[in-house]
Amino acid sequence: MKLTDSEKAMLDGREGPARRKAMELLVRYGEALNVERFVETTNVAGVPGTSNPFLESYYREPGDRYDVIFSRFDLDSDEVIEVPRINVNSCHLQGGVDPENWETLGAKPEHLKISQAGESSAASRGIKILKTCTPYLAGNVPTKGEHCAWMESSAVVYCNSVLAARTNTEGRESTSAAMLTGRIPDYGFHQDAHRRATHHIEVEVPVDDIFNWGMLGYFAGDVVGERIPVLTGEYSQANLIHHKHFGAAAASSGGVEMYHVVGVTPEAPTLEAALGGNRPVEKIRYGKAERRRTYETLNARGKDPNVDFVMLGCPHYSLDQIQAACRLLKGKRVSANCKLWIFTSRVVRAMADREGLTKIIRDAGGVLLTDTCSSISQAVPPGTKVAALDSAKQTHYLPAIMGIEAWFGTTQDCINAAVSGRWNGVAP
Amino acid sequence: MNENKGGKVIVLRGRKVVGGCAEGEALVTKQTISGWGGVNPMTGTVIETRHELRGVSFKDKILVCPGAKGSSGWSAVFHIARLAGAAPKALLFNEMTTKIALGAVVMRIPTLTDLDQDPLALIETGDWVKVDADRGIVEIRKTLARAGSAAISAAV
Numbered sequence: 158m159k160l161t162d163s164e165k166a167m168l169d170g171r172e173g174p175a176r177r178k179a180m181e182l183l184v185r186y187g188e189a190l191n192v193e194r195f196v197e198t199t200n201v202a203g204v205p206g207t208s209n210p211f212l213e214s215y216y217r218e219p220g221d222r223y224d225v226i227f228s229r230f231d232l233d234s235d236e237v238i239e240v241p242r243i244n245v246n247s248c249h250l251q252g253g254v255d256p257e258n259w260e261t262l263g264a265k266p267e268h269l270k271i272s273q274a275g276e277s278s279a280a281s282r283g284i285k286i287l288k289t290c291t292p293y294l295a296g297n298v299p300t301k302g303e304h305c306a307w308m309e310s311s312a313v314v315y316c317n318s319v320l321a322a323r324t325n326t327e328g329r330e331s332t333s334a335a336m337l338t339g340r341i342p343d344y345g346f347h348q349d350a351h352r353r354a355t356h357h358i359e360v361e362v363p364v365d366d367i368f369n370w371g372m373l374g375y376f377a378g379d380v381v382g383e384r385i386p387v388l389t390g391e392y393s394q395a396n397l398i399h400h401k402h403f404g405a406a407a408a409s410s411g412g413v414e415m416y417h418v419v420g421v422t423p424e425a426p427t428l429e430a431a432l433g434g435n436r437p438v439e440k441i442r443y444g445k446a447e448r449r450r451t452y453e454t455l456n457a458r459g460k461d462p463n464v465d466f467v468m469l470g471c472p473h474y475s476l477d478q479i480q481a482a483c484r485l486l487k488g489k490r491v492s493a494n495c496k497l498w499i500f501t502s503r504v505v506r507a508m509a510d511r512e513g514l515t516k517i518i519r520d521a522g523g524v525l526l527t528d529t530c531s532s533i534s535q536a537v538p539p540g541t542k543v544a545a546l547d548s549a550k551q552t553h554y555l556p557a558i559m560g561i562e563a564w565f566g567t568t569q570d571c572i573n574a575a576v577s578g579r580w581n582g583v584a585p
Numbered sequence: 005m006n007e008n009k010g011g012k013v014i015v016l017r018g019r020k021v022v023g024g025c026a027e028g029e030a031l032v033t034k035q036t037i038s039g040w041g042g043v044n045p046m047t048g049t050v051i052e053t054r055h056e057l058r059g060v061s062f063k064d065k066i067l068v069c070p071g072a073k074g075s076s077g078w079s080a081v082f083h084i085a086r087l088a089g090a091a092p093k094a095l096l097f098n099e100m101t102t103k104i105a106l107g108a109v110v111m112r113i114p115t116l117t118d119l120d121q122d123p124l125a126l127i128e129t130g131d132w133v134k135v136d137a138d139r140g141i142v143e144i145r146k147t148l149a150r151a152g153s154a155a156i157s158a159a160v
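Residue numbers (the numbering used here), protein chains in the order written: chain A, 158 to 585; chain B, 5 to 160.
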């Protein structure tokens with residue numbers, strides 16, 4: 158790789174052992190990607206130094222726990238170095254434990270202790286503890302063209318597509334190294350040529366709510382895989398929440414890291430612009446049959462209509478979504494046979510508390526949780542057999558992770574299921 | 005380019021992603037693999053609901069796949085698989101992504117991509133595969149039972 162003088166200084170250890178180890182890892186990674194240089198990144202989102210019982214028991218050596226885990230695991234280093242203060246704008250994404258409702262999640266006190274120790278160590282090094290998969294809803298909104306190094310596939314796809322900032326889907330090790338160095342390989346979405354659409358999806362059915370944007374995203378990811386779709390057709394002006402659900406779904410069924418919606422996303426004023434003058438590799442229609450098939454695929458793990466768990470908030474609910482859930486819950490009570498968990502970020506939770514929304518949910522028999530979700534923390538209420546979800550992404554992951562059944566439907570279908578204990582969703 | 009000793013060994017050449025040498029039995033899938041939420045890193049078993057390898061472990065295998073998909077937790081999950089002793093012995097793939105590049109780096113296993121012929125077409129599960137990532141060479145020994153069409157087409 159061709160390194161600048163300051164990159165060479167980091168690699169030579171002139172900026173200290175932590176930056177040397179971080180640079181060594183980034184060079185291994187850059188060589189694996191076959192790239193020549195790094196870009197300077199000013200916005201890093203990862204899970205630096207996050208521990209869990211497995212890592213705690215695996216790395217038993219003495220020393221500062223944060224330094225040990227950050228060195229050994231995050232930097233894949235064979236020696237333990239001291240992690241200095243981070244100078245690059247960096248945040249911590251979602252974690253595994255809600256510090257308030259950890260008992261609801263079935264976490265053990267030791268899990269909470271590990272999580273809180275890691276959190277204060279990261280904060281003391283200057284890392285912002287957002288603890289959410291939606292950093293863009295918690296104050297981290299990159300600007301157009303900003304080179305970022307983000308983890309969390311649903312945040313990555315939002316960052317590229319909606320904000321026109323630039324990031325690949327980075328991993329834990331590369332983001333932690335980027336926090337120390339401000340560098341990330343100049344690959345993929347950092348380059349103009351890589352941001353052009355490859356597949357044209359013509360939307361022939363109306364798409365105007367979370368449910369439909371989620372299904373369309375799940376379809377898009379399934380048909381384009383890791384490539385870049387551009388949409389034209391019968392969708393409404395998508396809002397932040399629609400993008401959040403579309404992108405999360407497309408990044409789950411496939412590996413979509415960027416998409417274009419003609420007339421809506423910033424790099425797609427026209428179809429031609431989104432394609433960058435190229436012809437699409439493939440033109441795909443999304444009509445009634447495709448929508449029906451997508452719905453059936455998402456509901457393939459739903460058999461028993463008796464729902465004992467409703468989980469909302471994947472990706473983390475925005476304040477509007479919490480308000481909407483509260484409107485649907487008004488005057489109702491969650492069934493004695495069912496649990497309702499709604500996940501959001503700490504920032505949004507603080508607003509929900511002030512607005513009295515947290516209390517509305519609690520009074521109806523549900524819980525508003527933060528920091529994590531059922532898939533991340535591998536936590537569902539004891540005895541859960543059948544879940545109801547309004548997120549295509551969570552529907553993709555949760556049944557596989559927890560070995561349970563799951564239904565996918567609208568937010569209204571899910572709240573209805575929480576109240577009645579029965580699934581009554583209907584195929585579109 | 006193919007060296008084909010007695011019709012038994014197929015040789016592919018590719019680009020080094022991570023150096024090193026390893027040999028073992030191939031596990032081949034034509035489907036991309038999810039890391040986080042797609043595999044159990046403690047056993048190396050694929051758990052994704054709709055995956056053709058569901059229930060199968062890649063532990064100690066030469067994993068041959070189109071590439072990676074899904075969550076950004078890909079590298080961390082495969083990194084944990086390495087710590088748990090459940091990583092593959094080597095990796096051959098077609099489509100480069102940041103997920104699989106970083107995952108291969110932190111698994112520290114010999115890895116090649118950009119092979120001169122499609123490994124998914126030439127290698128079958130059960131074949132004995134030798135990967136010399138430093139030299140960019142893959143040697144495939146077809147298992148007797150399956151030394152049929154793939155080996156023949158490779159020799160053409």
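For the record, the hints were derived by calculation from the structure and aren't laboratory data.
Any given hint could be a false lead.
Said to hold, decoys possible - Derived, one-sided and incomplete: chain A residues facing chain B with beta-carbon distance under 10 Å:
1) G203
2) R329
3) T454
Yeah, the Cβ is synthetic: ideal placement off N, Cα and C, and Gly gets one too.
Results of checking the hints against the structure:
no. : hint : result
1   : G203 : holds, 9 Å
2   : R329 : holds, 4 Å
3   : T454 : holds, 8 Å
When the structure is compared with the earlier hints, no violation turns up for any of them.
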